[in-house]
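There are 2 protein chains.
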Amino acid sequence: MTGILAGLRIVEGSAFIAAPLGGMTLAQLGADVIRFDDIRGGLDSDRWPVTKDGRSLYWAGLNKGKRSIAVDLRNPKGRELLTALITAPGEGAGIFTTNMPARGWLSYDELRKKRADLIALNIMGTRDGAAQVDYTVNAITGFPMVTGPANHRGPVNAVAPPWDLATAYAGAMALLAAERHRRLTGQGQRIVLPLQDMALAATSALGYLGEAAINDVDRPRLGNEIFGTFGRDFRTKDGKYVVICIFSDRHVDALAKAGGFARAFAAVEKEKGVDLKTDAGRWTARAELCAIIEPWVAAHTAGEVGAVLKEAGALWAPYMTFRELLQDKDAVHDNPLFTVIDQPGIGRYPVAATPLQFGAAPRDAPRPAPLLGQHTDEILSGILGLPAHEIARLHDEKIVAGPR
Amino acid sequence: MTGILAGLRIVEGSAFIAAPLGGMTLAQLGADVIRFDDIRGGLDSDRWPVTKDGRSLYWAGLNKGKRSIAVDLRNPKGRELLTALITAPGEGAGIFTTNMPARGWLSYDELRKKRADLIALNIMGTRDGAAQVDYTVNAITGFPMVTGPANHRGPVNAVAPPWDLATAYAGAMALLAAERHRRLTGQGQRIVLPLQDMALAATSALGYLGEAAINDVDRPRLGNEIFGTFGRDFRTKDGKYVVICIFSDRHVDALAKAGGFARAFAAVEKEKGVDLKTDAGRWTARAELCAIIEPWVAAHTAGEVGAVLKEAGALWAPYMTFRELLQDKDAVHDNPLFTVIDQPGIGRYPVAATPLQFGAAPRDAPRPAPLLGQHTDEILSGILGLPAHEIARLHDEKIVAGPR
Numbered sequence: 017m018t019g020i021l022a023g024l025r026i027v028e029g030s031a032f033i034a035a036p037l038g039g040m041t042l043a044q045l046g047a048d049v050i051r052f053d054d055i056r057g058g059l060d061s062d063r064w065p066v067t068k069d070g071r072s073l074y075w076a077g078l079n080k081g082k083r084s085i086a087v088d089l090r091n092p093k094g095r096e097l098l099t100a101l102i103t104a105p106g107e108g109a110g111i112f113t114t115n116m117p118a119r120g121w122l123s124y125d126e127l128r129k130k131r132a133d134l135i136a137l138n139i140m141g142t143r144d145g146a147a148q149v150d151y152t153v154n155a156i157t158g159f160p161m162v163t164g165p166a167n168h169r170g171p172v173n174a175v176a177p178p179w180d181l182a183t184a185y186a187g188a189m190a191l192l193a194a195e196r197h198r199r200l201t202g203q204g205q206r207i208v209l210p211l212q213d214m215a216l217a218a219t220s221a222l223g224y225l226g227e228a229a230i231n232d233v234d235r236p237r238l239g240n241e242i243f244g245t246f247g248r249d250f251r252t253k254d255g256k257y258v259v260i261c262i263f264s265d266r267h268v269d270a271l272a273k274a275g276g277f278a279r280a281f282a283a284v285e286k287e288k289g290v291d292l293k294t295d296a297g298r299w300t301a302r303a304e305l306c307a308i309i310e311p312w313v314a315a316h317t318a319g320e321v322g323a324v325l326k327e328a329g330a331l332w333a334p335y336m337t338f339r340e341l342l343q344d345k346d347a348v349h350d351n352p353l354f355t356v357i358d359q360p361g362i363g364r365y366p367v368a369a370t371p372l373q374f375g376a377a378p379r380d381a382p383r384p385a386p387l388l389g390q391h392t393d394e395i396l397s398g399i400l401g402l403p404a405h406e407i408a409r410l411h412d413e414k415i416v417a418g419p420r
Numbered sequence: 017m018t019g020i021l022a023g024l025r026i027v028e029g030s031a032f033i034a035a036p037l038g039g040m041t042l043a044q045l046g047a048d049v050i051r052f053d054d055i056r057g058g059l060d061s062d063r064w065p066v067t068k069d070g071r072s073l074y075w076a077g078l079n080k081g082k083r084s085i086a087v088d089l090r091n092p093k094g095r096e097l098l099t100a101l102i103t104a105p106g107e108g109a110g111i112f113t114t115n116m117p118a119r120g121w122l123s124y125d126e127l128r129k130k131r132a133d134l135i136a137l138n139i140m141g142t143r144d145g146a147a148q149v150d151y152t153v154n155a156i157t158g159f160p161m162v163t164g165p166a167n168h169r170g171p172v173n174a175v176a177p178p179w180d181l182a183t184a185y186a187g188a189m190a191l192l193a194a195e196r197h198r199r200l201t202g203q204g205q206r207i208v209l210p211l212q213d214m215a216l217a218a219t220s221a222l223g224y225l226g227e228a229a230i231n232d233v234d235r236p237r238l239g240n241e242i243f244g245t246f247g248r249d250f251r252t253k254d255g256k257y258v259v260i261c262i263f264s265d266r267h268v269d270a271l272a273k274a275g276g277f278a279r280a281f282a283a284v285e286k287e288k289g290v291d292l293k294t295d296a297g298r299w300t301a302r303a304e305l306c307a308i309i310e311p312w313v314a315a316h317t318a319g320e321v322g323a324v325l326k327e328a329g330a331l332w333a334p335y336m337t338f339r340e341l342l343q344d345k346d347a348v349h350d351n352p353l354f355t356v357i358d359q360p361g362i363g364r365y366p367v368a369a370t371p372l373q374f375g376a377a378p379r380d381a382p383r384p385a386p387l388l389g390q391h392t393d394e395i396l397s398g399i400l401g402l403p404a405h406e407i408a409r410l411h412d413e414k415i416v417a418g419p420r
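Just so you know, the protein sequences line up as chains A and B, in that order.
When you read off a place in the first sequence, starting at 1, and then add 16, the result is the number in this note's numbering.
When you read off a place in the second sequence, starting at 1, and then add 16, the result is the number in this note's numbering.
Among the hints, a few may not be true.
Facing chain A, a subset of chain B residues (Cβ under 7 Å, in silico) [what the hints assert, rightly or not]:
hint : residue
1    : A186
2    : M214
3    : F281
4    : H405
5    : E406
Okay, derived cross-link-like pairs now, DSS-like style, lysine-lysine, Cα gap no bigger than 27 Å in a straight line [stated by the list, open to error]:
hint : chain 1 : residue 1 : chain 2 : residue 2
6    : B       : K286      : A       : K293
7    : A       : K68       : B       : K414
8    : A       : K68       : B       : K129
9    : B       : K414      : A       : K293
10   : A       : K414      : B       : K293
Example chain A residues on the side facing chain B (calculated, C-beta under 7 Å, incomplete) [what the hints assert, rightly or not]:
hint : residue
11   : L89
12   : A100
13   : L101
14   : I156
15   : H197
16   : G202
17   : Q205
18   : R206
19   : D213
20   : A217
21   : C261
22   : I308
23   : R339
24   : L402
What the hints contain is simulated information worked out from the structure, not anything from laboratory work.
In this text the structure is predicted, and so the values were computed from the model without any measurement.
Ideal placement from N, C-alpha and C gives every residue a C-beta, glycine not left out.
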């Protein structure tokens with residue numbers, strides 16, 4: 017590997033999104049990330065979406081560039097092999113897990129008996145270790161009650177899972193922070209990251225709890241309007257949608273130029289007594305701004321509106337479906353982020369590398385996700401130093417498995 | 017500072033969410049994070065939500081534990097001071113910015129003339145440097161077209177900003193990766209992280225682009241249903257809502273026990289010919305499962321339903337508003353994540369520390385956000401070594417400012 021994290025090894029025991037995506041983030045930066053699963057597959061080995069042949073596109077997306085080892089986790093010998101792998105000597109070893117148990121062979125206390133400076137990240141549901149997922153964590157944050165159409169009653173769930181994403185990247189960050197600490201002090205440690213606390217900390221950071229506490233209000237459901245400035249969706253003549261926002265002076269001028277709104281905006285400023293160059297002014301006059309923009313967008317196609325907004329330097333974007341995005345020239349086909357790769361058992365499609373570009377290391381093209389157990393033998397041999405006959409015996413005894 | 021990142025210094029030039037939250041993430045782990053702003057304030061100094069006195073709760077949320085220096089960024093002497101601060105010697109210095117310019121005094125090329133091993137993270141909108149925000153990036157990902165009530169037409173924006181959150185934590189991770197690289201090689205570097213690429217990479221990771229490419233479908237809008245397994249919101253007798261999910265065998269049994277559904281679930285399995293212990297089985301029979309659960313939830317209060325689900329170990333959560341969350345005993349008042357602090361100019365309210373618990377360093381209680389320019393003098397003196405009379409002159413000439 018040539019990435020910025022070359023030399024770092026992570027053993028990952030995971031499922032669903034947060035832990036696998038955290039591990040993949042490090043793998044795509046050049047770390048050797050070894051995901052272990054039970055020989056029968058993990059909780060998410062076949063998770064939907066799947067292809068017509070039942071291959072998981074979910075697994076393929078979240079495990080790119082990792083190596084996979086499949087071991088019978090119920091077998092004492094299998095557990096022994098994994099313990100040896102997790103605690104193998106080497107500068108960069110760490111473990112990244114979903115719900116690491118408090119007791120037993122995979123607990124931090126047991127593992128560090130074999131390697132005192134082990135670093136382990138334990139992603140858990142709540143701080144008490146109770147199971148939680150993005151959906152349940154999201155429910156208590158308050159966001160579902162302010163998401164969705166303004167006239168809607170009841171909660172609206174997030175589809176892009178904000179707390180899994182945050183936990184994945186914050187978890188990867190935490191492992192590097194601990195690795196820095198070990199480099200400076202020689203000391204390993206266990207890190208705990210509860211998904212629920214991640215969501216609560218971010219909700220606090222975003223000011224929602226402060227607003228509830230200090231202003232004693234629940235922010236109303238605002239539909240697609242952006243609170244405290246200007247932004248909303250607009251429908252085009254051909255039934256598409258665009259989002260148009262204003263976050264700075266420059267965006268006011270650009271939008272005015274794009275739609276020929278300069279005079280109308282000035283009239284709004286005069287009538288409402290506001291300055292559209294301020295957040296508060298835009299927010300106060302948002303209905304009037306919409307009344308100006310709406311008919312203009314409705315009278316043009318998405319192509320026409322987009323061309324003019326882009327030319328003027330406005331802050332806007334078209335709404336796309338996943339299939340439209342897939343076919344988008346700028347976002348996907350001309351974007352060096354994406355490479356068409358052949359994912360074994362699934363086929364060829366554009367797949368993203370890391371979004372991070374490091375000046376000191378070229379960005380590696382994305383590598384496929386492994387098949388379950390694809391690297392079992394090379395890991396047993398290359399890292400644990402087992403001879404071929406012993407690996408063969410482990411297969412015979414069904415303690416390990418190769419690719420299925 | 018006593019945190020895990022003690023010794024690391026970051027100078028942050030930022031606005032809005034991604035960069036300030038990334039900087040705060042490191043500050044809450046013990047890094048010395050110095051946010052610089054123009055003496056007139058940054059783009060987000062007064063951003064809503066604000067208190068009745070116009071103090072920004074948004075700023076207070078996203079800048080906790082940082083130091084603030086306020087400098088006239090249009091003044092050459094002001095720029096010189098900041099250049100000296102950013103490139104000051106020290107093991108851990110790095111810079112974390114939103115839209116670092118390609119040219120001029122704040123460009124990486126200019127800064128590294130003063131310090132060859134400088135690490136800089138440049139968060140930008142698109143890979144070409146065009147402005148983008150979470151809302152515009154989200155529009156093209158495809159998610160708004162599948163979020164919200166199943167019968168809704170048109171896009172539904174995210175309120176919790178998934179791509180800002182991802183960029184914040186991935187950015188913090190990237191700075192640590194570069195610091196590791198510098199520790200190993202002595203080499204600094206510039207890192208580029210486009211918000212749009214972050215969103216596209218995550219959308220790819222989550223399998224949505226693979227599904228569009230391989231299965232050639234746009235996933236339909238599913239309302240609050242969780243794709244490929246079982247989960248949805250349910251309305252209680254007292255007009256509250258709960259989310260109930262099934263992600264594993266254990267959750268099927270727990271839910272059956274909570275509601276007394278064992279017989280009904282068995283009947284569904286027989287009638288539909290499915291196994292509710294599989295994702296596919298639950299997905300296929302989701303309407304039947306809802307028909308069993310819905311009347312049960314509707315016949316009980318949120319308190320009753322919650323008590324029974326919790327007792328049984330089901331995967332569930334109540335939906336809360338921000339004010340309900342603020343008053344929640346378990347999530348906030350009894351949660352060591354939160355401390356009631358006094359935010360100058362705003363007041364006392366519960367504020368979150370980092371959600372990360374490192375075994376090798378106790379978690380620090382959250383510290384307030386600085387007032388703009390609160391640490392100007394101590395930074396000029398402590399880091400740049402300026403004598404008191406020179407600092408006084410900088411104030412007189414309005415090149416720097418103290419707290420406002």
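Hint check results:
no. : hint            : in the structure
1   : A186            : holds (4 Å)
2   : M214            : holds (4 Å)
3   : F281            : violated (20 Å)
4   : H405            : violated (37 Å)
5   : E406            : violated (34 Å)
6   : B/K286 x A/K293 : violated (64 Å)
7   : A/K68 x B/K414  : violated (68 Å)
8   : A/K68 x B/K129  : violated (56 Å)
9   : B/K414 x A/K293 : holds (24 Å)
10  : A/K414 x B/K293 : holds (25 Å)
11  : L89             : violated (15 Å)
12  : A100            : violated (23 Å)
13  : L101            : violated (22 Å)
14  : I156            : holds (5 Å)
15  : H197            : holds (5 Å)
16  : G202            : violated (11 Å)
17  : Q205            : holds (4 Å)
18  : R206            : holds (4 Å)
19  : D213            : holds (4 Å)
20  : A217            : holds (4 Å)
21  : C261            : holds (6 Å)
22  : I308            : violated (19 Å)
23  : R339            : holds (5 Å)
24  : L402            : violated (30 Å)
In terms of the numbered hints stated before, the structure departs from hints 3, 4, 5, 6, 7, 8, 11, 12, 13, 16, 22 and 24, listed from lowest to highest.
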